[in-house]
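Asker: Take a look at the letters that make up each chain.
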Amino acid sequence: MTSFRRLLSAGLLSAAFLWSLPSHAGVAEGRKAFEANKCSGCHQVEGPAREKTIKDQMAKKGPELWYAGSKFKDGFLAKWLANPQPIRPFAYNSITERNRGDHPKLSQKDSSDVAAYLMGLKSREVKPLGLPAVDNPRGRIIFVKKQSCYGCHSARVRGKMAGGLTGPTFAGASERLNPDWVFAYLKNPKVFKPVKMMPVYAGILKESELKELASYVSSLN
Amino acid sequence: MFEPRRSFTAALVLGLFLSAGASGALAETAQDLYMFHCAQCHGLKGMGDGPNATKEMPVTPRDHTSALEMGKLTDGDIISAITDGGTATSKSSLMPPFGKTLSKQEIVSLKDYLRKLCNCKGR
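These protein sequence lines are chains A and B, in that order.
Numbered by this note's numbering, the letters in the first sequence go through residues 1 to 221 in order.
Numbered by this note's numbering, the letters in the second sequence go through residues 222 to 344 in order.
Source of the hints: derived by calculation from the structure; they are not laboratory data.
Just so we're clear, the structure is a prediction, and the values are computed from it rather than from any experiment.
Incorrect hints may have been included.
Only pairs whose alpha carbons sit at most 25 Å apart, straight line, appear in this in silico PhoX-like list of lysine-lysine [as the list claims (entries may be wrong)]:
| hint | chain 1 | residue 1 | chain 2 | residue 2 |
| --- | --- | --- | --- | --- |
| 1 | A | Lys38 | A | Lys109 |
| 2 | B | Lys337 | A | Lys146 |
| 3 | B | Lys276 | A | Lys187 |
| 4 | B | Lys312 | A | Lys145 |
| 5 | B | Lys321 | A | Lys196 |
| 6 | A | Lys52 | B | Lys325 |
| 7 | A | Lys55 | B | Lys321 |
| 8 | B | Lys276 | A | Lys52 |
| 9 | B | Lys266 | A | Lys55 |
| 10 | A | Lys127 | A | Lys206 |
| 11 | A | Lys146 | B | Lys321 |
| 12 | B | Lys325 | A | Lys193 |
| 13 | A | Lys73 | A | Lys109 |
| 14 | A | Lys127 | B | Lys321 |
| 15 | A | Lys160 | B | Lys325 |
| 16 | A | Lys187 | B | Lys321 |
| 17 | A | Lys206 | B | Lys312 |
| 18 | A | Lys193 | B | Lys321 |
| 19 | A | Lys55 | B | Lys332 |
| 20 | A | Lys61 | B | Lys332 |
| 21 | A | Lys206 | B | Lys276 |
| 22 | A | Lys32 | A | Lys60 |
| 23 | A | Lys160 | A | Lys190 |
| 24 | A | Lys61 | A | Lys79 |
| 25 | A | Lys146 | B | Lys325 |
| 26 | A | Lys55 | B | Lys312 |
| 27 | B | Lys312 | A | Lys52 |
| 28 | B | Lys321 | A | Lys60 |
| 29 | A | Lys145 | B | Lys321 |
| 30 | B | Lys325 | A | Lys190 |
| 31 | B | Lys312 | A | Lys146 |
| 32 | B | Lys321 | A | Lys206 |
| 33 | A | Lys196 | B | Lys342 |
| 34 | A | Lys193 | A | Lys206 |
| 35 | A | Lys127 | A | Lys109 |
| 36 | A | Lys196 | B | Lys293 |
| 37 | A | Lys55 | B | Lys337 |
| 38 | B | Lys276 | A | Lys145 |
| 39 | B | Lys312 | A | Lys190 |
Isolated chain B, as found in the complex:
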């Protein structure tokens, strides 16, 4: 009597597990990642005005919409800064490292998202 239901749940659990594994990081969109992890400092629109960017902070988060600022960085620079933090590109440690938080794919998707925000190419 309970058998079919149990195997159904088992299949469901297995299915969830497999789909989680297949997509690697459960397929968060770059925008969702940005809103969740980055907007707290860089702002919801990326203008460097998130709630942690108070006047007392010694360094302002990069304005991701500024083609002038973002144009100075290569794609590799952006990926290093997100992976290993600001110190990887000789910037402030106020930009934290996300290499153990986000997958490589997610970091690359964020790099693409930033390129759209600044509407600019790398140096």
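Here chain A stands alone, though its shape is the one from the complex:
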């Protein structure tokens, strides 16, 4: 009985393993290109988060990517890696130096391979809830009024950029962020970023409000 079950789960595991190989062409090449281009010098690709103090966070040279497959929307990474445009108005971990927009750029081929590799890095903390990316009045009111998220985050308002500069911009968020990840990040931020300049809102806003916010933020473009 037990050995049967063990056999079965071993079979399932190897089936899952085999299945994951051919279905994502480029994953292995992507991993190689990631190493070859020294991307891991600035990006953590294995979870969990390790930083415990402000000093740990300040020592990081780039945002962690170990949950990239849960955070980003399909298609975003392949495009961005071939033509990276600033996301954070300031240089990483700085509030005095502007982002110079000098992120390493990859060829089309490497971009799609690396994107396939990164999209395979998922976090189990992000549940597939299928939250919609939609502008909704309750999410918007929290963002612009109740909690003034715009104090640190910019967005495009009627064609013009507005809002604070120390958080990642939400211009283009609708192409970039998975609403389910945004919700998980707001609800359980310590899993993803234990030490960060953004305040924790879990416990201040209700879970339903965090969902409305996640939908709203992910709809911005």
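Dock chain B against the given chain A, drawing on the hints supplied.
Answerer: Using the frame of chain A, we list chain B on its own:
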């Protein structure tokens, strides 16, 4: 052969864990907390001129070096504003709540830090 090393790491991990627990919040100094969390709006020197304080913002972050402004607040007001945000003291929600981010001790240490910046006492 590997045993001593393993127990050494175990002790190390346990030690780190205990020291983290004992000091509560891993002993960040008030100045480090201020530079990391507050300076982005209030400025590195506390003058209300951080990078988020752009001209378009409807409310200017408080100048923490102003004895005139900061003297209007009791220590309790400062602690409420940091814990629950600007709305707790009938001010703008542009001042965010840090009650779920920082420990009580850290918030009190920041209050003391602000009192040094303004060189003023509470009302």
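Asker: Are the hints correct? Go through all of them and say.
Answerer: Evaluation of the provided hints:
Simply put, A:Lys38 and A:Lys109 have alpha-carbon atoms about 17 Å apart, close enough for the 25 Å limit, and the pair holds. The straight-line distance between the Cα atoms of B:Lys337 and A:Lys146 is roughly 31 Å, outside the 25 Å bound, and the hint therefore fails. Of the pairs offered as hints, the one joining B:Lys276 and A:Lys187 is violated, with about 32 Å between alpha carbons and a cut-off of 25 Å exceeded. A distance of roughly 12 Å separates the Cα atoms of B:Lys312 and A:Lys145; the hinted pair therefore holds under the 25 Å criterion.
Proximity of B:Lys321 to A:Lys196 is assessed by CA-CA distance (about 13 Å); at most 25 Å being required, the pair is judged to hold. At most 25 Å may separate the alpha-carbon atoms for a hinted pair to count; A:Lys52 and B:Lys325 meet this at roughly 18 Å. Proposed proximity of A:Lys55 and B:Lys321 is supported: the alpha carbons are some 20 Å apart, at most 25 Å. For the proposed pair B:Lys276 and A:Lys52, the alpha carbon gap of about 35 Å is over 25 Å, so the pair is violated.
Restraint check for B:Lys266 and A:Lys55: the C-alpha separation of about 20 Å stays at or below 25 Å, so the hint holds. Pair hint A:Lys127 plus A:Lys206 holds up; C-alpha atoms about 18 Å apart against a cutoff of 25 Å. Simply put, A:Lys146 and B:Lys321 have alpha-carbon atoms about 17 Å apart, close enough for the 25 Å limit, and the pair holds. A hinted pair counts as satisfied when its Cα atoms are at most 25 Å apart, and B:Lys325 with A:Lys193 qualifies at roughly 21 Å.
Our distance criterion of 25 Å between C-alpha atoms is met by A:Lys73 and A:Lys109, whose separation comes to about 19 Å. A hinted pair counts as satisfied when its Cα atoms are at most 25 Å apart, and A:Lys127 with B:Lys321 qualifies at roughly 23 Å. Straight-line distance between C-alpha atoms of A:Lys160 and B:Lys325 comes to about 40 Å, which puts the hinted pair past the 25 Å bound. Straight-line distance between C-alpha atoms of A:Lys187 and B:Lys321 comes to about 12 Å, which keeps the hinted pair within the 25 Å bound.
Restraint check for A:Lys206 and B:Lys312: satisfied, since their Cα atoms lie roughly 22 Å apart, inside the 25 Å limit. Proximity of A:Lys193 to B:Lys321 is assessed by CA-CA distance (about 14 Å); at most 25 Å being required, the pair is judged to hold. As the CA atoms of A:Lys55 and B:Lys332 are separated by approximately 22 Å, the hinted pair is consistent with the 25 Å bound. Taking the CA atoms of A:Lys61 and B:Lys332, the gap is about 31 Å. The hint is violated against a cut of 25 Å.
Of the supplied pair hints, the one linking A:Lys206 and B:Lys276 is violated, its CA atoms being roughly 32 Å apart against a limit of 25 Å. The straight-line distance between the Cα atoms of A:Lys32 and A:Lys60 is roughly 22 Å, inside the 25 Å bound, and the hint therefore holds. Restraint check: the Cα-Cα separation between A:Lys160 and A:Lys190 comes to about 33 Å, which exceeds 25 Å; the hinted pair is violated. Simply put, A:Lys61 and A:Lys79 have alpha-carbon atoms about 22 Å apart, close enough for the 25 Å limit, and the pair holds.
At most 25 Å may separate the alpha-carbon atoms for a hinted pair to count; A:Lys146 and B:Lys325 meet this at roughly 23 Å. Between A:Lys55 and B:Lys312, the direct Cα distance comes to roughly 32 Å. Violation of the 25 Å bound is thereby established for this hinted pair. Of the supplied pair hints, the one linking B:Lys312 and A:Lys52 is violated, its CA atoms being roughly 32 Å apart against a limit of 25 Å. Proposed proximity of B:Lys321 and A:Lys60 is supported: the alpha carbons are some 24 Å apart, at most 25 Å.
Between A:Lys145 and B:Lys321 the alpha-carbon distance is near 20 Å, which keeps this suggested pair within the 25 Å criterion. Restraint check: the Cα-Cα separation between B:Lys325 and A:Lys190 comes to about 18 Å, which is no more than 25 Å; the hinted pair holds. Between B:Lys312 and A:Lys146 the alpha-carbon distance is near 12 Å, which keeps this suggested pair within the 25 Å criterion. Using a Cα cut-off of 25 Å, the hinted pair B:Lys321 and A:Lys206 holds, with the two alpha carbons roughly 13 Å apart.
Pair hint A:Lys196 plus B:Lys342 does not hold up; C-alpha atoms about 31 Å apart against a cutoff of 25 Å. For the suggested pair A:Lys193 and A:Lys206, the alpha carbons sit about 20 Å apart, so the restraint of at most 25 Å is met. Taken as a hint, the A:Lys127 and A:Lys109 pair is broken in the structure, with Cα atoms around 31 Å apart against an allowance of 25 Å. Between the alpha carbons of A:Lys196 and B:Lys293 the distance comes to roughly 31 Å, so the proposed pair goes past 25 Å and is violated.
Taking the CA atoms of A:Lys55 and B:Lys337, the gap is near 24 Å; set against the 25 Å cutoff, the hint holds. Under the criterion of a C-alpha separation no larger than 25 Å, the hint pairing B:Lys276 with A:Lys145 is consistent with the structure, at around 18 Å. Among the hinted pairs, B:Lys312 with A:Lys190 is inconsistent with the structure: their alpha-carbon atoms are about 28 Å apart, more than 25 Å.
The earlier numbered hints that this structure contradicts are 2, 3, 8, 15, 20, 21, 23, 26, 27, 33, 35, 36, 39.
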